[in-house]
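> The chain contents come next:
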Amino acid sequence: MISKVLIANRGEIALRVIKTCKALGIKTVAVYSDEDRNSLHVKNATESYHIGEAAPAKSYLNQEKILDVILSSGADAVHPGYGFLSENSEFAGLCEKNKVTFIGPSAASMDLCGDKQQCKAAMLKAKVPTVPGSPDLVKDADEAEKIANEIGYPVMLKSVYGGGGRGIRIVNTDQELQGAYETVTGESIAAVGKSAILVEKFLAQTRHIEYQLARDKHGNTVHIFERECSIQRRNQKLIEQTPSPIVDQETRDRIGKLVVNAAEAVDYTNLGTVEFLRADNGEFYFLEINARLQVEHPITEFVSGLDLVKLQLDIANGEPIPFKQSDLKMNGYAIECRINAEDTFLDFAPSTGPIPNVTIPSGPGVRCDTYLYPGCTVSAFYDSLMAKLVTWGQTFEESRLRMLNALNDFYIQGVETSIPLYKTILETEEYKNGELSTNFLKRFDIIERLKEDIKKQRKDKHLAAIAAAVMHSTFFQSRVQSSTTKNPRWKSRMDR
Amino acid sequence: MISKVLIANRGEIALRVIKTCKALGIKTVAVYSDEDRNSLHVKNATESYHIGEAAPAKSYLNQEKILDVILSSGADAVHPGYGFLSENSEFAGLCEKNKVTFIGPSAASMDLCGDKQQCKAAMLKAKVPTVPGSPDLVKDADEAEKIANEIGYPVMLKSVYGGGGRGIRIVNTDQELQGAYETVTGESIAAVGKSAILVEKFLAQTRHIEYQLARDKHGNTVHIFERECSIQRRNQKLIEQTPSPIVDQETRDRIGKLVVNAAEAVDYTNLGTVEFLRADNGEFYFLEINARLQVEHPITEFVSGLDLVKLQLDIANGEPIPFKQSDLKMNGYAIECRINAEDTFLDFAPSTGPIPNVTIPSGPGVRCDTYLYPGCTVSAFYDSLMAKLVTWGQTFEESRLRMLNALNDFYIQGVETSIPLYKTILETEEYKNGELSTNFLKRFDIIERLKEDIKKQRKDKHLAAIAAAVMHSTFFQSRVQSSTTKNPRWKSRMDR
Amino acid sequence: MEFKLEDIEETFNGEIINKISNNEYLIKIQDKEHHLQILNINSRGMEFLLDNHFHSVNYIENQTAEMKIVVDGVPLTVNMHTKLDEIVYRNTGGADTGSTQINLRSQIPGKVVSIEVKVGDKVKNGDVVCVLESMKMQVSVKSHKDGEVKNLKIKEGDSVNKNDILAEIE
Amino acid sequence: MEFKLEDIEETFNGEIINKISNNEYLIKIQDKEHHLQILNINSRGMEFLLDNHFHSVNYIENQTAEMKIVVDGVPLTVNMHTKLDEIVYRNTGGADTGSTQINLRSQIPGKVVSIEVKVGDKVKNGDVVCVLESMKMQVSVKSHKDGEVKNLKIKEGDSVNKNDILAEIE
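In order, the protein sequences belong to chains S, U, R and G. First residue of the first sequence? That's 1 in the UniProt record's numbering, and the numbers climb one at a time after it. First residue of the second sequence? That's 1 in the UniProt record's numbering, and the numbers climb one at a time after it. First residue of the third sequence? That's 1 in the UniProt record's numbering, and the numbers climb one at a time after it. First residue of the fourth sequence? That's 1 in the UniProt record's numbering, and the numbers climb one at a time after it.
Calculated directly from the structure, the hints in this document are not laboratory data. One thing to keep in mind: the hints can contain errors.
[To be verified] Over the 12 Å line for every Cβ pair with chain S, so calculated as not near, a few chain R residues:
id, residue
1, E10
2, E15
3, I102
4, K111
5, I115
6, V117
7, K118
8, K124
9, S134
10, S140
11, K150
[What the hints assert, rightly or not] Taking lysine to aspartate or glutamate pairs in the DMTMM-like style, the calculated list, with each CA pair at most 20 Å apart, reads:
id, chain 1, residue 1, chain 2, residue 2
12, S, K455, R, D121
13, S, K125, S, D140
14, U, K442, U, D280
15, U, K310, S, E397
16, U, K455, G, E10
17, U, K423, U, E397
[Unchecked claim] Which chain S residues stay away from chain R? Per the calculated CB distances, all over 12 Å, these:
id, residue
18, E64
19, S72
20, Y82
21, G83
22, G152
23, N172
24, N331
25, K432
26, R443
27, D460
28, H472
Computed from a predicted model, the values in this text were never measured in an experiment. Backbone N, C-alpha and C define an ideal beta-carbon position, used for all residues, glycine too.
Using the sequences plus the hints, can you model the full thing?
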């Protein structure tokens, strides 16, 4: 039985894990960098250990140092959270070697999930559809053409050494293929001196839909419904919701069975997420398995009633999952907005610094997981996620309205946030109608619409602004007058 | 359709009502007294109007002033919250007369609920059991003895002019009755110059169990399960939970039917609560109908998934209740602790003043309805309820552990609170086992056990206290030394 | 006093017209009266009810002519002294009859946004010669006399200092 | 330095024995070493890790001998200078040999908690004569010489001032 968990993480997820452990009477060990000296996870854990400098490589990614703390604190388990070492199989192996329970899959299973080609092969074997394409590198343009004809145009030619849009071409016909093949080869050789090309079906407008997965050490596997995470920027999720507006019960069950197959194919244990791309034609294609607790797990907690961190601990303890697939019933609708410290208008550049004041929203159906408190600091060393605002409703509309309300109540002083962006998105007809896709922001001109919204807000506030200026300039004049002002009470009120 | 609601209340319930109205796009009008100038409900409402001095009679109970604001703001409905004017049928009538929707029952129904004798008569007619006793005043000791023999000893002799324990005697035998009758009569005459005596069955160890009731203007009636509110001090609820540990589904349905009968018997509309005493022998006796939204409504929201304020608005709009009794399924367990500003050891005397700092708990399954914010003030003019801490769990144990955890995370600087008391209660075996009764505190020596817990806490903190004293005295010495201290860095750190 | 807001063309007239009680004022903005109730005030900001609507204002930066504020979380810039046009006009000698001065000088530093006349144009006292941007406001520089534009010393985009000659008008 | 806590009989010895780094100290309490890491400090309070356990302390009231603090939300009183017994003993002339002084005087103001001797008892230098409560601490007043208790000037519950005579010992 796990009795003391070291949390190899920081921020909101460290606090999230501490909450469940505390409620279960399990001791917690926090680790912290120089930068996190005044962070809440340090205060809320049973014990806290300093592990190094601010840079992640010198602290939260420092496996040896964290192992030292595991051993000196007597922790018998490690929760990796997400990010940092959470999908590092070397670290999972290190824990295994030191007889410390790593709360997650085995190192071997994690390795398999992390190797895209191997994982894809395992999925094909388990009859989990992946994006159609060449099973391996193609040797020349002719082979590429042959495969393109098998899977149907449009296709993508991708150099495995490419990235950031370079070494990728979308091809619509046989005629275009030869030239595109040469271009991609050339770009790749120019960039890295070599080329190796894959052919893959091009999917124009996709949705990101993922399934929560749980598998115990006895081989019992369940899925805990889907989450739709299509609203993204630069491949990073912004808004997640469950259920997905385009997943009906038949689809949920059908894809859910694939999820169970996928988990078995890689001998997965504990909680994980199977990500799919859903094409416009309704097909689901396996993307990858995230071998950790996901940022967006609270929406699944809301509709399932489960405490997923507790489930992780139970599975890590070797207990069988205490329910069957058929016991799980989806209850209501949940939405999560990731409240990031970033400037939407500067291409989502991080915005960091001290937070003199913050008001955290609350109310029926509202949950906010955050590390913020008045007087804290948003550090430039770590990711921009400050808070996860999650709302639940009996209907989608109720969850949406509660989210809008909570976004309005959320006040964070000191940094730019993604809150205004989310208010704009949640008010669009497209969002209300569930017209989601991974290119949602671009497709519906969201940034432009946000600018309009802000302009409109400014206009709405003009009377209040003038009134404030009138009062302030009166005050300002009285300040520059002599000290024997006509209205001493007013002055003292202003100065206090 | 209601489009603008005046909230004739303050504190957490005003904020609670504003939240639902905002989410539904309904405008809100707040009213505030001098004392509440800086209260959150003033800031969060669409419009806010000053209505007078701090004393309730001069503000929140001032019907004319509130009506003025209703008319000048153009509000088309009034939400009375709880307390203040919420069960004042005169005010409800005033609203009706001015064609403003009063969100609650009709003045006539409220009148009937408020008149104990009439209401009891209506219940007896509707076959809702009330505490056995004389249907009316008894004329002499002989009649009292006759009734006592009918309903069986022990009985209570109660002067209707009594109160606070005076003018009440418990009688166990015919022999005791004559003398007790004279004593009660004497006490009453001595106190108020007259006497009028009722006989009622004495119930030794009772539970307070109440049902949430909803009835629309079309006569559809449902109950939304029970709440057990047995843990009280001086007849004021402290901790509420749902489901009750002693109510099984058969009982829930059976008493639920009585609740529907009770609602029909007084032609109730909107949300209300039917309170019962449950005797040790398992019998339920009708106590009264609370004709308003109850403080403890959030626990019902948690297990039903309903937004009860929304349901109030829908019913007030004349809409039929959008579900049937059979649609309602209880989901999980919820507990509420009323976080009061009071000193447990001074017989729960109010503790008021500024709150320089507050940390509000959050997390999965945690909801906190509160008017607190850092820098606010707990006023001596209004009731001591600062916050309602509510937790939900799939099991009772999960909700209890989450509550303990949240109580530990709740930090309120500046006043005494009931938080330590609740921690002690929630840890007792008696509470865990559901051995609840309205005399819980006395029956299980809770105050003494709280004292022991506090003593133990003090002991647990001794090392930290000594360490703090060591550091502080070092600092203190360096302060009284000359300004050219040996360790200027240390000094400046301490002084900043 | 006059005020101008970013994004909004209109100029707003605003003043306190009555102090009702300690925290209560009647103010006038563009001929309409508004009731202002102060809930909380200090040098960094103010919380108030304007016609019973709550607003929270923080003063971020404050110069005599320009004030950066955040109203209910929305950042805004308010410009005061929007009569600059007038001030500039007067200071150049405008509205005086019979100026014999040839040089039209700038009374403020700023950037030339547009030039409204060409060399050889006939202008009258008060005609706009050019527009300068200064303190985030556009200020029209008007001719100080009737005459003909003999020379233009500026082009669009130029920065000018106070007292620089903009044009010669004879 | 010595410390005493409300509710706890023991007296605690505490001192800083090493400054490891800017915010890190090694302290000794009752012969056991503890690691103290300061996270945050100012004149009103301190947040620190003691052997890696977080504590938050607020200083509420502070006199030289008594300190009211709140540790993790729990209010406590710490008394310093718990060597008062010793101080009192010394000041009465105790531990000196051959005192000829008859009067045993109180060196501190306080309340008489208990009297340990009766008139006629034989006492030795250092025997406890009575116990006073002062500054929330119990202080034993010890005989300053060998002798017989001739007279007792106090009874339980009395308040005594500094220099009041408690007993005559001859």
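> All the hints need checking, so say for each whether the structure fits it.
Now for the hints, and whether the structure bears them out:
The Cβ of R:E10 does not lie farther than 12 Å from every Cβ of chain S; its closest approach is about 9 Å, which violates its non-interface assignment. Consistency note on R:E15: stated as away from chain S, yet its beta-carbon is not over 12 Å from all of that chain's, at 6 Å minimum. No Cβ of chain S approaches the Cβ of R:I102 within 12 Å, the least distance being about 38 Å, so the stated non-interface status holds. R:K111, annotated as away from the interface, keeps every beta carbon of chain S farther than 12 Å; the closest lies near 23 Å.
The Cβ of R:I115 lies farther than 12 Å from every Cβ of chain S, with a closest approach of about 29 Å, so its non-interface assignment holds. The claim that R:V117 lies off the interface holds: its Cβ sits roughly 33 Å from the closest Cβ of chain S, which is beyond the 12 Å cut-off. Remark: the non-interface label on R:K118 is consistent with the geometry, its nearest Cβ contact in chain S lying 36 Å away (cut-off 12 Å). No beta-carbon of chain S comes within 12 Å of the beta-carbon of R:K124; the shortest separation is about 34 Å.
The Cβ of R:S134 lies farther than 12 Å from every Cβ of chain S, with a closest approach of about 19 Å, so its non-interface assignment holds. Distance to chain S confirms R:S140 as a non-interface residue, since its nearest Cβ pair spans about 23 Å, more than 12 Å. Interface exclusion of R:K150 from chain S stands, the closest Cβ pair being 42 Å apart, more than 12 Å. The straight-line distance between the Cα atoms of S:K455 and R:D121 is roughly 40 Å, outside the 20 Å bound, and the hint therefore fails.
Straight-line distance between C-alpha atoms of S:K125 and S:D140 comes to about 26 Å, which puts the hinted pair past the 20 Å bound. Between U:K442 and U:D280, the direct Cα distance comes to roughly 17 Å. Compliance with the 20 Å bound is thereby established for this hinted pair. The suggested pairing of U:K310 with S:E397 holds, with an alpha-carbon distance near 13 Å, which does not exceed 20 Å. Restraint check for U:K455 and G:E10: the C-alpha separation of about 15 Å stays at or below 20 Å, so the hint holds.
For the proposed pair U:K423 and U:E397, the alpha carbon gap of about 14 Å is at most 20 Å, so the pair holds. Against chain R, the non-interface label of S:E64 holds: every CB pair exceeds 12 Å, the least being about 45 Å. Against the 12 Å criterion, S:S72 stays outside the reach of chain R, whose nearest CB is about 46 Å from its own CB. Separation of S:Y82 from chain R is adequate, the least Cβ-Cβ distance of about 30 Å exceeding the 12 Å criterion.
With a least CB separation of 30 Å from chain R, S:G83 remains clear of the 12 Å interface cut-off, as annotated. Look at S:G152: its CB is around 50 Å from the nearest CB on chain R, clear of 12 Å, so calling it non-interface holds up. Residue-level check passed: S:N172 sits 45 Å from the nearest beta carbon of chain R, beyond 12 Å. Every Cβ of chain R is farther than 12 Å from the Cβ of S:N331; the closest lies at roughly 34 Å, confirming the non-interface assignment.
Once the 12 Å rule is applied to beta carbons, S:K432 is consistent with being away from chain R; the minimum gap is 24 Å. With a least beta-carbon separation of about 27 Å from chain R, S:R443 lies farther than 12 Å from that chain, consistent with its non-interface assignment. The claim that S:D460 is not at the interface with chain R is violated, since a C-beta of that chain comes within 12 Å of its own (minimum 8 Å). Against chain R, the non-interface label of S:H472 is violated: not every CB pair exceeds 12 Å, the least being about 6 Å.
Taken one by one, the earlier hints fail for this structure at numbers 1, 2, 12, 13, 27 and 28, listed in ascending order.
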